[in-house]
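Enquirer: These are the residues of each chain, in order.
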Amino acid sequence: MNALLRRIGAMTIDGLWRLGFMARFFFALLRYSGQSFRRLPLTIREIYFSGVLSLLIILVSGLFVGLVLGLQGYDILQRFGSSDALGIMVALSLLRELGPVVAGLLFASRAGSAVTAEIGLMKTTEQLQAMDMMAVNPIARVVAPRFWGGVISMPLLAAMFSAMGIFGGWLIGVVAIGVDDGAFWSQMRASVDFRYDIVNGTIKSFVFGVAVSLIAVFEGYDCQPTAEGVSRAITRTVVSSALVILALDFVLTSFMFRGL
Amino acid sequence: MTPASGNPLVRLNRVRFAYGEREILHDVDLTVHRGQVVAIMGGSGSGKTTLLRLIGGQLRADAGTVEVDGQDMGHLSVSALYALRRRMGMLFQFGALFTDMNVFDNVAFPLREHTALPAELIRDLVLMKLHAVGLRGAAALMPSELSGGMARRVALARAVALDPMLMLYDEPFAGLDPISLGTIGHLIRRLNDALGAASIMVTHDVQASLDLVDYVYFVSEGGIVAHGTPAEIRASDDPFVHQFVHAEADGPVPFHYPAPPLASLLDEVPT
Amino acid sequence: MSRTTLDLWVGLFVALGFAALVFLAVKVGSYTDAPGGATYTVEAAFDNIGGLKARAPVKSAGVVVGRVGGIRFDSQSYRAIVRLDLHGGYEFPTDTSASILTSGLLGEQYIGLDPGAESDILKDGDKLQITQSAVVLEKLIGQFLFNKAAEAPAQGASAQ
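Residue numbers (the numbering used here), protein chains in the order written: chain A, 194 to 453; chain B, 6 to 276; chain C, 251 to 410.
For reference, chain A alone in the conformation it holds in the complex (with noise of 0.2 Å):
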């Protein structure tokens, strides 16, 4: 009994030093950021790393997303013989929840673990030390860099998912099912808001990519300087990622559309 209360004190006491080490970590973060955007070509190879090379996943991602929410939301709408909704059902789920949340696991797994371990690495391999050593802060010159690289391709990322998904859904239910094309367009543009649906879904994906980014590279900067310490650190890059990814969807969710 009180080993298992001196677990519990030693977790919490643990969790609430990482938590503050965290957040001294991001106003460091913040505060040397300067330099991430006064030397753009290190942010823009950094879009490269997490944006482009993320794009195949995101995009057959996202289309499968849609092939799928095509079918199955046929299936259940024309039960209710409103199958011209398919258009509005594809779109509202893709734009406010399936878009948003899809591509930040997605992103997550593809460009947050490769963000972390490479952190990881070269913390390991004392790159960051000797850079340190030059007078060169690895926080201004790797960790900022990376963390606004990641900013700015996940709202973006999000959109092509969300807009391949509807493609998607299109290619189902009007090429495949027959559903009619104008109704399908012309329903979904009457339900589809664009200040209350589109910017909130993008509210959504920027959140999510300020908060994977961020995970991601603590992670990679705190991991353990061993090979078992940075493949633990990917490990809780991409865990931690998705639960906070899940909780902050719902939190966002139930402010952003309470009144529906």
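Any given hint could be a false lead.
[Unchecked claim] Computed from the model, here is a short list of chain A residues facing chain B with C-beta under 7 Å:
| no. | residue |
| --- | --- |
| 1 | Glu-319 |
| 2 | Gln-320 |
| 3 | Met-326 |
In case anyone wonders, no lab produced these hints; they're calculated from the structure.
Predicted, not measured: the structure shown is a model, and the values here were computed from it.
Here a beta-carbon is modelled for each residue, glycine too, at the ideal position from N, C-alpha and C.
The hints should help you fit chains B and C onto chain A, whose structure is shown.
Expert: Relative to chain A, chains B and C alone:
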């Protein structure tokens, strides 16, 4: 001892350092003058790498002062520390080359970060530094394509890119074949003399370093236990130095990690 | 990877991302309540709003002229007070009536406005005097059962 001319470049005065409760260094006094190559020797875990980090400003002493070029490392702001570090070079144990850049960009890194020199001038400087370590032909290679000895020579070229006044070496000989080891040792001495800098190296490779250094400090259990010129060290009859130089298994550096006597442990076996 | 190839890819990526956003904005979404367009607010009290939700459309002659801004319960009159955010460009007479209608048998509920004949127009903060509540199916069936022979009273007139 090499005559002390003017102010020392590095001076440690009664330095103590601890990680929490665990004391790593205590009462360390150490002096390094310009032009000197000084070795800090000791067994693994004796605190010698910590000593190097204190001098580089990566760690701060809990008591006592660490002075580099007259500045107290314990009370420097981040920007002052970075200003000082621009005049220091450090060679890490395994080189710590940036794996995402080729050899040329690695050596150019400090120049590009800290100077606004035109690209052609940087190119010339980098090739000069690479030439000095004999690797001008390897400029286009990636670090993964280099052998351990070559990687360390590239790292050495990178460390001296800004012509530092103080060079720090963390185990420069670890894991090298005899030829590479000789090359690195030779380079350390030559670069130090060419730059008019001071060099401090942490090593446990006695034979390789006694041939090239001017002065030696022995660290054991967090304190300086002996120091002197290589000749004095070789002739020393201090039991610790003797054990270290002649690589004996037991002596003042105990073979056993501190533990209660085996007999007392056997008594505790429940009956 | 050279700088120019990298820049090219990133440029393509960003362009594609913005293209997707534009596609979503233009083709998928619509600006029913475009930001910047001023709105004015009027209130209407209903005995029963049925399944009406905030942000449901407000239509007149089938055209969306605003949105339901909010719904609250007034504990003085025991009625539902519905706030309507109407687009500034549309004007209605003060004797306009509001009714809660359903689009299709299972569709969403919305508010329909029927303009009256007054020459004064509604201003921000006005109250609509004439309202018609939502049709509650259970009540309708109940009435039908109890008054089989009689005609359904006018109050429960069907919205369809």
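Enquirer: Flag every earlier hint the structure violates by its number, smallest first.
Expert: none
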